[in-house]
Every structure is written in structure tokens, then in C-alpha cells.
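Chains as they are written, first to last, in the numbering used here: chain Y, 1 to 526; chain Z, 1001 to 1306; chain F, 2001 to 2299; chain H, 3001 to 3326.
Take the hints with a grain of salt, since some may be wrong.
Said to hold, decoys possible - Simulated restraints, written as ranges between beta carbons of each label pair:
id	chain 1	residue 1	chain 2	residue 2	range
1	Y	G183	Z	H1052	30 to 40 angstroms
2	Y	K507	F	G2072	55 to 65 angstroms
3	Z	S1110	H	R3126	54 to 64 angstroms
4	F	P2052	Y	D341	38 to 48 angstroms
5	F	D2054	Z	S1007	55 to 65 angstroms
What the hints assert, rightly or not - Some chain Y residues well away from chain Z (every beta-carbon gap over 10 angstroms; in silico):
id	residue
6	K98
7	T339
8	R350
9	R477
Hints listed in this document are in silico derivations from the structure and should not be mistaken for laboratory results. Fair warning: this is a prediction, and the values are worked out from it, not measured in the lab. Every residue, glycine too, gets a C-beta built ideally from N, C-alpha and C.
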Amino acid sequence: MIRITNPRTLIGAALLAAGALCVAPVQAATTLVYCSEGSPEGFQPQFFTTGTTFDAASVPMFNRLVEFEIGTTNVIPALAEKWDVAPDGKAYTFHLRKGVKFHNGDDVTSEDVKFSLERAAGKRSTTGYAGLLRTMVASIETPAPDRVVIVTKDPTLIVPNYLSRALSTEGMVLPKKYIEAVGDDAFGRKPVGSGPYKFVEQVTGSHIRLAAVDNHWRIGAPKYKNMVFRLVSEETTRIALLRRGEVDVTEVSRERVKELEKESYPIHFRREEAVLTMWWILGPDGMVPPMKDKRVREAMNLAVDRAEIAQSIFAGSAEPAPIPLGLSWSFKEIGLKVTPDMQYPYDPARAKKLLADAGVGGGFSLDTYAYQLPGLPEGKAFAEAVSGYWEKIGIKVKLIPVDYPAFRKNWVDRKTPGSIGYFNIANRDWMGTFALLEKQAYSPSKPTDTVNDPEVDGMLAQVMKQTDREKINALMRGVYTRIRSEHLGMPIVYLHSPYAASKKLGKWNPGSVMYDLFFDELASGK
Amino acid sequence: MIRFVVSRVLQSLVALAILSVVVFVLARATGDPLQLILPMSATPEEYAEARHYLGLDRPYVEQYLSFVGRAVTGDFGNSLRARRPVIELIQERLPNSLRLAAFAMGISLSIAFPLGILAAVKKGTGLDRTAQVIAVLGQSLPTFWVAIVLVEVVAGRLQWLPAGGNQGFTSYVLPGFTLGWFVVAGMMRLLRSGMLEVLDSEYVKLARVKGVVEHRVVWMHALKNALIPVVTFAGIYFSILVTTAIVVETVFAWPGLGRLAYEGISSRDFPVIQAVVLTTAAIVAVVNLSVDCLYAVIDPRIRHAR
Amino acid sequence: MPAEPLADRALPLPDVAARPDPAARGRRLPVVSLGIITIFVLVAILAPLLSPGDPGEQSLRNRFKPPVWMEGGSSRHLLGTDRLGRDMLSRIVWGSRVSLTAGVVTVLLASAFGAAVGLVAGYHGGTVDAVLMRVTDATMSFPVILLALILAVTVGPSFTNVVVAIAVILWARYARVIRGQVLTLMGLDFIAQARIAGAGAWRIITRHLFPNTLNTLVVLVTLQIGYVIIVEASLSFLGAGIPPPTPAWGSMISEGREFVTSAWWVSGLPGLAILLVVLAFNLLGDWLRDTLDPKLRQL
Amino acid sequence: MSVPVIEVHDLRTHLVTRWGTIKAVDGVSFSVAEGETLGLVGESGSGKSMTCLSLVRLTPRPASHIVGGSVRLDGDELTTKTEAEMQRIRGRKIAMILQDPMSSLNPVFSVGMQVREPLAMYHGLRGATLTERAAALLASVRIPSPAARLRAFPYQLSGGMRQRVVGAMAIAAPPRLLIADEPTTSLDLTIQAQYLGLLEELQDRHRLAMIFITHNLGIVSRICDRVAVMYAGRIVEAGPVRRIFTAPAHPYTQALLESIPRLGARTERLTAIEGQPPDLARLPGGCSFAPRCPQVMDRCRTEAPPEFEAGPGQVSRCWLRAPAGG
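Isolated chain Y, as found in the complex:
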């Protein structure tokens, strides 16, 4: 017969648990709080690929060799003050800014740049464009601590663009000595960069806290001493946080913009941030019937009322898009003129006729995957709406809700040819656009194709070898013209992404460049 442990112990434990509620510091006015939907995977720019990882925290923490000018795709100096190209076009020399230090006090040297680029091209790298880096770069030399030379195998134009924000995070410079001393895992837990803000803490699933360094060449004396990234997946909650003044900037969905505008919260748009485009999953040998027939592809394009979708599903924060995979920023750069007649009209009658001509007037069955994507909370509603339009021309649509990873597997495995998927492709400059086309429209190598067309393949193959911008532009124009005229995909709308800000935030241009919200402008004391 044994007496049970003192009941007070149990009760005491419960009280302790209830009482030990952690007390968070009060947000001072010197803190900028940004509220994000997704949670970052970690802080290793070369190991992770999700956009949220970099939106959230990496940009203020790290530096790249070069940057984009805000609101444009012009490459401007950053960590590298200037750079020159060898006459043969095969060696780029970057001259590093002097006196830049990592947050742990180490100097930023050419060794760090080399280390970072090699890490980005290395085996564990998962950045989307590591492959390109591997094939392009012959060697990286460090003739002096403030000078790094990238030698390429072939003459190329793309090195500076490549290292900017055009693509991904390859260009971010990490501290070699620190990483080699503490190892990857420790770096992931406590990252060190050379950006205007340094890492303070991360509470996974809750927030990331950064603190400003005293004075930084990018922003001068910081306006905000701290930057906090809060992770809140539910929109209603993000908006409530904004209303309560707990956050300064938050991602919102397009449908709630009007409501917030009415309450006079400033809304900042990243205009044409992405193009929402749909495509047919290819079979092992390309397009399958009935989509093999150009008329069916055109019919499906004509059946969708893009203006109405832009107005209703995207609450007016979108514009009809004319060209499949058409990244609009590059159009200017490559000299592609988009004329009104390139826009698909909403013409269900003609769509029906086209289907009849193609011998599928009685309709056919079609699987459409429905999923949400980061930046596309309307995903499922959008898929339902488009399916509704197709139903109206007699296509029997089966909506298959999945999460994106499951869809991606279907897409890449090509197990369900003919079914429909979509993506909000981030807008890019000409270099990024080429990379996208190479990834999704160049059939020889990739499982991720959405276009399988010998003519397109031929033109893209030439772009890779070309060093003359004019010729590249002409080829790219050709690719887009071909894709449009063959209806090799269904462009739907360009998306503007709204960010709601607190009333006291002030002027801010969030730009439109992927992976960067230009917090520098906000934080800048300049």
C-alpha cells in the first residue's frame, strides 16, 4: 500500500505550466513588424528554394554582389562596387566594396564570394538554377581580397544578371570562415551575413527577429532598430493584427483590399508580380489528344472570360494575360509588342465551334487540379471558376483538389497527361525569362516541361549559345510568338499582389522583384 505522490506536486506542475506564460517584449516604434503567410524553412540561401524564406528575412541579412534598381530590372552595384568584363566575354572581375564586415566582425573578402558561389553550385545546393551555374562557370579566382574573377566556359552576357535577384539566391554572400568553423547546422540556426540587419532569434512557427547594425552602406543609419517577421497563415488573423497595430505590413489577399482601403489602410501593390498561367500536363511523348489538336487548345483559351475572372476572383487586382508563360517585364527588354488583338477574347460560341471542328463537339472529360500556392490564396476558387467556363462549352471537368506537392509529382511524373495545372510564375527580366523558358518549354532535358514543340526547342537552343543581345531578343520574340500562335498553354491574368500597411508606415515601394520587398527603402535612414 503506497501513497501516491503528493497531489500538490501534480497541481503545482499544472499551475507552473499555466503561470509560466512567456512575456514577450513590447513592440517599440523602432521595430518594423512584417506579417507573412508562409514560414521559412531556414536561413541557408543555397539550400532552400521557397520564396517565403527569402522574402522574410534573408534580404536584410545578406548582401549580393549586385542588385536591381528599385522598380526596374537595371543591375546596379552592391557588394561589388563595379565590375568589368574581359574582352573575350569569358571573365567577369568584381571589385568588392571596402570595409564591409560580417555581423560576427569578419571582413567580407573574395574568398567568401568564391565559397558562396561554389556552395550554390555544390551537391547539396537546391537552388532552382544551380544547374545553370554548374554548366556556366569554369572557375572562380580570388586574385586579391577585394577582387573576385568568375571565369566562364563560354562567352556569356548573363553573369551580373545571374548574380542579382533575377533568379534566385545564388548571389548571396556568406561567411566562409564562420560556416567552416561552426558547420552548416549551426549556421542554419544562427546565420551570419553582412546585410543591414543581423539575426537575433527565430522561434519556428512564430517569428524571426533581426536587429539593425549601426550604419550600413545600403541604408545608412537604420530607421528601425529591429525587424520582426511574424508568421501567420490565416488571413483574418493577419488583418486583425494590422488593425490592432501589432504589425506594420502584412500580406493580404486581393479580395480584402477594398475592405481595408475603406478603412484607409494604405495598400501597396507589387504590380504584375506574376503571371498566372495554366497548362496541360504532357505525356511521355508530349501533348495528348484531344489537346494535341490546336483547335481544342484555342477553344479552351476562348472559353475563359479573363476580364471577369480578373474582376471577380482577383477583385480587380489583375489584368488579362495574352501569352502563355509570358513574363511581361521581359517584353520591353526583348522588344515584344503586345497588341490588343493578341488578347484572347471571351467567345464561347467560337470555342464550341472549334471543338466541333476538332471532332470533340460532344465534349470530353478533363481533370483539373485545384491547389493553393504561395501568393495565390484564390487558387482553388480560381480553378473552380475556370472549370465552370469549360463546363459551359461542353467539357466535362473533374476538379481534383490536391496540395501543390502532390500536383507537382503528377506533373513531373507525367502519369496523368492532359490534365490541367497552373502556377503563378514570378515576373522576371529577360535573363530570368530565358531561364524559365529553358525550364518549362525546352523539351530535351526537363521533366518539368509544359511545352513540347520542336520549333521552340530550336530557338531556345540557339539563345543559349548567343552572345548578341539583339539576336537573343529576336529569338525570344520568336519563341513567344510561336507559343501564342500554337496556344501552347493558357495565360489567364497578370497578378498584382497587395500588401497592407499600417497608417503610420509612410512611403514604400515594394517593387515587383521576386524575393525582395525592398525593405531597404523603409528601413533606410538615408
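Given chain Y's structure and the hints, the job is docking chains Z, F and H onto it.
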């Protein structure tokens, strides 16, 4: 008593072992995590290499045994997504989950107690029926909807309480209430019928006959007896709290285990899924065990048996 | 000498005065609950007749039309339209079919399996009991929502998967409760009688044990139909519920949750439907429990 | 006889149920003097327990109400007292021993806690004195090693022992009136006899007035001075024990006595009372026993009989006892 505790511990361990197999299989059924880790352009060789690096190319039995072997020592491997030891992630999240669950338990008890006792004492009156409807309401509305309405109204419009995250004590109120209200009905039911039975018993009658004041009759003589069934079910409530928490954590941006599980599933992060399910189950087992002990504290008949 | 107590043969007079029954007496038949359930069941059965239109027909131009009694509402859409311009009334009517079926089917599956396990475990005892109960324990400690999420990402969300995912966890509860009851019953004389009379295991389980657990089953089933409907709604919220475009109440509320302030009816009306039905089932269950078996308070 | 401790006059308690209003206690009058024991007999539901609960105003609420009559304790009217005043009468002045010793002790509290409670309440005792007095109280009901028993929990005691504890609590004040509601039903025969002996001893010691509710006429004959027979909420016959047993006046009393199996008497079968027990919600207009009465007369069905004198100190509510021409 020792025998009793030991056999309960053994039973829990067996259940956990069964669960570990199930969760191991299920986690692998979710799909290939490499699809998400590697870039879309990855070659088959890169896949093979990553698979080997992550130990996913070993036979399943071997994977399972090493999983169990290490799990016993608290090593759940590295998260495939965050590339950090899973145990670290759990350690970060678990306290938040436990605190929220404890708080929610507190809230639901503090609603269920007065309601249950009131309903029993005023049995059959309008008060009784109102109390029951209030309790059952919590169970009749989808938790996420209650949560969203609370966030929108109480946090967003009235601005009384924080909307999300763990920003100190006040942050507990809304999620705690949402979660707590969901289980009030069950607890109140137990208390009410327990109280009714007890209030009707001979010993309560005797207490009254002895001239004991009514509030002492209710709160002292009757309540301790009526508590027994409530305590017995604390384990079940706790597990309901922990699972329902996924929804509440999502709405209130609460960095708890539920969100971790959700993120783990959406990124096919096996080690995380496995660890969360096992941790949850272990917690439920521990709670059940403590409940059995607490039960013995309350009811002398159990304490002295065996 | 003291005589045999008279009480032994005392006439079976209803002993109202001395011992008022704890809960059962004085509680009227829950007319309101029964009424609500009957109405919704009828709506579900007669959905094709009652629904004013096709629940799937979209009209983006007519999105977010308010119900008829509000400003801007029209009699074409009595309860307004949702974000895709679909008729709310039609969707709620058809949704009753989906949600009620999901609730009922899930609970029936779970109770059938759970009761079987409980009966077998309780009857056989010993190793069989120990093994079955450990499996039950393991099942009970597996979070329902996690399992459903895993199933949803594995084989895709669907009506069947939702039903299966919930039932696969829910049965354990029935097994536990029924086993407990069977253990008590096994100690009673009539089981011994049946054994003496030569009844086999099957006969004892089906003829003697099962009927005696029916009350419990009925109460538990009633109480849990509501629970299942709520869990399904939560799954919809997490993207693992009955998928669109099937009109299920849970997914309707979930889809409409962003518009709580701007177009409350999109989530509010299906929310009201769920509230009414679940509340009705819960109150009915409470009443059944009090009436059929006041001892069943742990259900 | 000496001064009555309790005087009940025309007490009426009604019970509202879903079948209608039941007159559970319908005009009951009696009195009990110091040191006297009144036996209250009748079938289940005849209103015995309700009568006693009405005395301490603990009838089930909210269903029941005392609608009329008076209850005087040492001349003090109880029906008009406030609840708080009644609280101070219960246990202190009127104590009760309930039927089931197995369930009259709270299973989750120790015997000591439960015995100390009334002592603390009535006498304001605290600490060691309290424990001492509690032990003494247990000793006074012949519980061996009382100090040890105080630490025990109810389930560790036998039924007889538990009923002694209940008895001890009842005399903690000590009260003026002790109501024992079938205190021995669940005890076996030898224990029953011991317990009855104990009760008699306690009564003598404290000069208690006692009401003893029972079905068991054997017990009545052993310890009661007077008997009141209840049927359907009324006392149908009352009188000294000897009179009732030797010359029962009411046909119901006669039937009750006949139904006792006498030791040694080899009756072929027990005489049961014929007919259905009365439905209290729908009592017949006249005598409630009329439907089952073997000697029923026309008058019985229409008019309720008043009390008639049936012998020295004996009254009966039966038309058979009506004086001729009455």
C-alpha cells in the same frame, strides 16, 4: 499500487510501439519528400544521391529499426525541410502546446464547473437547459469558425485582445477559450450527471439531515465524488485539446505542435510527422497515467485496492 | 423473532416520493431537436425537389449577392450567392445530403467495427482482450485530424477518404465503451445461465451481449454524428475535407471564412445549418442518454 | 404520558410529478414524547419517509411542498421557520439515521472527517479535543479501537460498523428526536438485533423521542411503544403496540399482520394483500383502501372515513369502526 502503475506504464509502451509502426508506414505513404527538397530540374542521379544522404534508400525494416532505436533516446533524426534535428523543433513547440492545452483545460473547467453544478442543482429548470445549451454550443460550431469570428470581432474590431502569436498572457485568452469551449460540453455532461447522482445519494441526504449548510453539501460532500468521472476523462479531453489544437494554432498563429505537424505533412517531412504523432501519443499516455494516479488520490477505494 | 422483511414482497408501487429518478423524469421529449433533425433529413432526401437550382452552377457576375431580405438581394437567390455566384440555398440543400451522409456513414462504420471489437474483447478477455485493447489505445492516441491530413495528401481528399479517416480513429471509442459494458454483463447470472444452457460464443455475443449494449450504442452514435460533422468541417479548413465542388457545409464555411465581415452569409448560413443539426443531435443524444441509461454519463 | 417532544398536526405534503400532483402526506397527525418510540409502518410509497423528511423540511425539491399542517418541536413551530433556522435544527434537535449504511457515508472522505463534522458544527470543537470527542462518540456506539477507525475510509468498514458510525453522528448533539428510517434493513439478522439494542440504549441514555420507520412488524413489536400504520399518505390506524398486534381495527392492518409468516406456523401460502397498490395520482374518492378491502362497503367508495376510536388509545380510519348511526 506499484504493480498497478507498472502495468499501466507497460500498456502505454505497447500502445506506443504499435503506433510507431503505424506512423512510420503512414509517413512514408505521404509521398516523396525529395520532390519538394530538390529543384524541379534535378536529375535522377541527384535524386539518388539525396536519397542516400537522407538514408531513404535503406530497406524499410532497417529504417524502422533505426528510427525506433534512436527515437527511444529522443533522437528523431533531422527534419528534411528545416535540416535541423527534429527534437529541437519539438522542444521549441511542445511547451507552447502544453501551455495552451493547460490554459484551455483551465478555461473549460472554469466554464464546465459552474455550469455543470448549476445545472445539477437546478435540475429541470430553464437554468439547467440554458446551461446545457451553452455547453453544447461550443461543440456544435466548427472550431475554426469560432476562432475566426473571435479574431475578427474581439481582436480586429474591438481590439481587446491580441489576434495571434504568443505575445504574453493575453495571447492565451482567445485560443484558450476557443479550444476550451469545444470540450466544455463533455465535461459539463459528466459533472452534471455525476452531481445529480451524488446529490441524490444517501450520504448527501445524511449530510443535509446532519444540518450541513447547503453550499458545503454541494461543494464539499458532493463535488469531490462528482469529480471522479471528470478526472477519469481528463486524458481524453487532453488528447482532444491537442488534436483540435491544429486548427486553433493555425488561426491564432500559435507556434505549437499542431502547426508543426501540419507543416510536416504538407512538406512530406517524415521525421517531423513521426515525431509529432509519437510525442502527442506519449503525452496522452502520460496524462492518462497521471490521471489514474490522481484518481487514486481522490478516491480512497482505488488507492487502497491492490 | 423478527419476521422476513415485508419489503421483499412489498407491492411494486412506484416509489415516487422516496426516490426521484436523477435525470430522466421531468425531461420532456426533445421535440425541437427531433423536429430539426427530421426537417434536415427530409431536406437531404428531397434535395433534388427542394433545390431551386444547380448547386454547382456558377455565375461570376452574380457573386456575393446577399440574401433576399437584405438590401440588394433578389428572389432569384433566396439565400444569396457565394464567391463564384452559386446559389446558396441550393448549396445548403444539397450540402445537407453530403454532410448528413458523411456524419451517419462514418459513425455507423465506426460503431459497427468498434462494437465488434468491444464485444469480442470483453467476451474473450485474457490475451485477446489485452491485444485488442492495446490496439485501441494506440488508435485513440492517434490524432484524428493528423490521420485525415495524411490521407488527404496521400490519396487526395475525397468523401470516402474523409469518412474512412475519421472512422478509422473513431471506432476505438466504441470498442472501449462496449468492452467496459460487456465486462460488467459477463459477471451477471444470465450469461452464466446461457452458458449452462450450452450457448456458444457467437450466440452469447449476438443474443445476449449485443442487445444489452444497444442503448449505449444508440446514445454514442447520436452524440457522435454531430462530432463527425464538426471534424469534417475542421478538415475542410485544413484542406483535407470533402473537396469542392461538392457542396458540403464544412467546406462552404471554410471557403467563406475570409468574407465573415463583407459577405457573412457565405459562411454564416452553412454555419447556422451545422449549428442547428449538431446542436439537435447533441441535445437528442443527451436526452437519450438520460432516458435510456443514466449511468452512461461518460459518453 | 409526559410532554410530547414532537407534535405533528394535519401535515400535508404534495409532490408535483409529470403524472399529476400526488398527496404524499395527506393530513398526518401524531406526537411522540421523550423516551417514547413511535413505529411508522406501511408499504413502500405509503408516505412514511416523506412524513419524516417533511419534519426536517428536506423533501425533494422543487417537486414537493409542505402545503399545510403544523409541526411543533418542544412546542416550537417548525413549518414557519426560515431555511437558515431549520439548518440549526437538523442534526442538533432532530437527527436521522438513513436506510442504507453502505451508502450513507461519503466514500471519498475518511470516517474521522465525517464524524468530526457534526461535532465541529454543533459544539464548535476544534483540533485535538475534536478528535478526542469523535473517538469517544465512536466508542459510545461500541466501535472497537475508535481512534484507528477514524482514519479508515467507509469501504473498509462492515455494514454494521458503518451503521454504527451513522448512529454515532446522529447522537452527536444529542438531539431531541431521532428518526430512524429502516436502519436495519440491509443488515443481517444478528447484527440487526445488536443494532436495535444499541438504539434502545442510546434512547435511554439521552431520553430521545424516536420515530422508527420500518416494514418489519417484528421489529416494531420489539422496540416500539406505539405504532402508526400508513396507507396512501394517511395514518389509517394508530395505537399502542399491544393493541395493534392483538386487536387490529383496520382491514389493512389486519392484512399486514396476516402476511407475516409466523415461525413454526406451517401456512400453505402467505396471505397477500389482494389487488393493485394505489395509484397515488388517482386516488379513489372515498377510502383509498376500498379497492383492495375485503370488507368494502358502498359508503367506503364515496366518503373518506374520519378517525374513529377503536379502543384505548387506538384510532382507526375505517367506516367499520363508525359508531352505529354515525
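Item to complete: Please flag the earlier hints that this structure goes against, numbers listed from lowest up.
Response: 1, 2, 3
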